[in-house]
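Those sequence lines, one after another, are chains A and B. For what it's worth, UniProt numbering labels the leading residue of the first sequence as 1, then goes sequentially. For what it's worth, UniProt numbering labels the leading residue of the second sequence as 1, then goes sequentially.
No false leads were mixed into what you were given.
Note that identical chains are pooled: a pair holds if it fits in a single copy or bridges any two copies.
Distance condition first, Cα-Cα at most 30 Å in a straight line; then the derived DSBU-like pairs of lysine-lysine:
1) K268 to K135
2) K343 to K268
3) K304 to K61
4) K77 to K268
5) K61 to K383
6) K77 to K267
7) K348 to K61
8) K77 to K230
9) K61 to K77
10) K267 to K343
11) K267 to K135
12) K390 to K343
13) K304 to K386
14) K383 to K304
15) K393 to K312
Just so you know, the hints here were simulated from the structure itself, not pulled from any lab data.
2 protein chains.
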Amino acid sequence: MSNNSSFSKNIKNALVNSPPGEWMSTIPEECIRLNSGYPAPTLVPSEGIKAAVNRLIDEEKDLPLHYIGSPQISRLKEQIQTRLNERDIYIKSDELLITSGACQAIDLIARIFIDEETVVAIESPTYMEALEIFKNYTSQFISIPVDHHGLQTDRLEEVLQERRENGLTIPKLLYTIPTFHNPTGTTMSMDRRQHVLELATKYNFFIVEDDAYGELNFHKPPVPLMSLDKNNLVIHVGSLSKVVAPGMRIGWVAGPSELISALAWFKKDLDHPFAQATMANFIEREDFDKRLTSLREVYGEKCKVMISALEKYFPESASWYIPAGGYFVWVKVQGVDTEVLLKQALSKGVAYVPGKYFFYDPHVGTEYLRLSFSYADENEIRKGIKLLGKIIKP
Amino acid sequence: MSNNSSFSKNIKNALVNSPPGEWMSTIPEECIRLNSGYPAPTLVPSEGIKAAVNRLIDEEKDLPLHYIGSPQISRLKEQIQTRLNERDIYIKSDELLITSGACQAIDLIARIFIDEETVVAIESPTYMEALEIFKNYTSQFISIPVDHHGLQTDRLEEVLQERRENGLTIPKLLYTIPTFHNPTGTTMSMDRRQHVLELATKYNFFIVEDDAYGELNFHKPPVPLMSLDKNNLVIHVGSLSKVVAPGMRIGWVAGPSELISALAWFKKDLDHPFAQATMANFIEREDFDKRLTSLREVYGEKCKVMISALEKYFPESASWYIPAGGYFVWVKVQGVDTEVLLKQALSKGVAYVPGKYFFYDPHVGTEYLRLSFSYADENEIRKGIKLLGKIIKP
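Bound conformation, chain A alone (with noise of 0.2 Å):
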């Protein structure tokens, strides 16, 4: 393979960027997950999954197992306009593109708009895997932080008013989630959102908001920042990962119609049909509404308990945000190499992800550690928190 340069570069790419999520397969099954970002099991409608197969086959024999599959695929996407319509926001058929999971959506992003020059802001902490994607394109990052409540923008203004006087390239992308936050679990306040779209228009960048937790809000409704934006900067990436199922990899991308043409163009074949269409099926015959709010009520009460098990048993050194929706609570631990710990606390059965894992910056997030409470059921939550208290302050 000597005279492969490209591909020898790629690899090389692929190797340095050590996958993160690795050592979380090999987690022994007796484990309290307090790591996985996955719905609640008894959450996930496999019964409604089965049937909605069955009828589809029932009704439409072959037609879904091809390529171009079963009519229920443009249901589909009225039904993902109807998800967002309660959202305010209001998109035409062109202007939405379903994904295979917000993954793929971030993935044909970073395709059309970044190559090797382009700089990327981030989050700091953000979602792992948008940033692994994000590195495959580009090496160039802008780190904001992200506090209680959520982005901070003016270190944002700050940073692209520096870049401007010196003379240096904006970033084309901001990639954000302001609603319920990975890993902290943070929103955006309006100011903020207000802010951020501002910027958006000043220094000509779009903004990738990343929406997957959004439906999942405990109190009041929050307001996507498509909704308010007017200019037409925001890319909003959904997912009915966390309200349905994850292994459908069903996601999607909304905004404008020469954006979404283009990311159709390379997304082509990857498709897929047959679960396109029995999600279709699913939605069809599903009240999401009552869905959504028996989703809201008991992952409002997991969080509930697992911020009653920190305040019981962890040391008053460690401190962490109240979530208003989502799936995860984000602690600092002072003084403690949560890397470290995680070895212990697997031995004594219990699982997290540590904090360094969301940050660009590998030496950096050392004493933060992200808990989900959407996995584990309350009497887990409880002994997986204790157990890990007992571990922080032997």
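Here the structure of chain A is known, so what remains is to put chain B in place on it, guided by the hints.
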């Protein structure tokens, strides 16, 4: 969107590459589809897939609906290894990656190997979707003609020798469909298989062997390039689309483990656990050899019907290759522009794919058309060819 140069560039790429298949989705439903490279509806095991989903969810509940999915997924890999063993390809688990159909495999390969300076050697004609994928990464192609013994390897050697003598870049990849070629239906002779492997060694390029139709032999089984390769220069791409169901999107790529790791890195979450677990469950209960025997008989018979009809209804100025497997017959009709003819054909109720779509150079191939005997039944094939014959010689 003014300052986003890379966005504009990629959008432009997408728009100049007008999708050749777009008109296909507008074909009237009552048309006889001699255009579709789809399996016959009666041969798509919709009841088998339905039964697999029912077993899967009854046994594993929510498991196959999560990201990591069911343990069945690793069984699918073993099942594909078994299928490859039948074809004298012996690979280890880390030399195989399951993809979302053969197209994702080709896209991932392109991503690893190709940048704007990369030269890719392709067959002329070739599979249009593969060509479109490669065109997303480079515009430097060398087209090598195909005849009734497949790729003209002498011509390839001449081109390589000329390029070396003139200090021009040697292709990094050769993309070939050596067995039951799309669109020509031809199969590369054993001498040429040996020759192309020698050339790959001498000029140091990789061969992407697209084997999507390789199991659909009407007579003796063909010998894959990978089974003859001693220097790890063949990357083998396969699919269950033609022998089970395209809508499930199960394909694979086999190659050196270092390459497979890199492809897996870029693939990441673009997986679909539910489809993979369903397929594994389906294959486990399926007598696959019996399935293949039946497919070979049915497609072989339909091919015969098409050839007889061509002999009966097409003018003497028309000529074609007789395929030994696969889905397609490639017809040349002298003095006819097959794209102009298509409108007339559609209005009479029969569809095919004009030959020009399978060439890199849009000005060649105008006298050719690709007929598929896979989707239509025997009566439709006879009727369709008769209708086409009438239009060609009114």
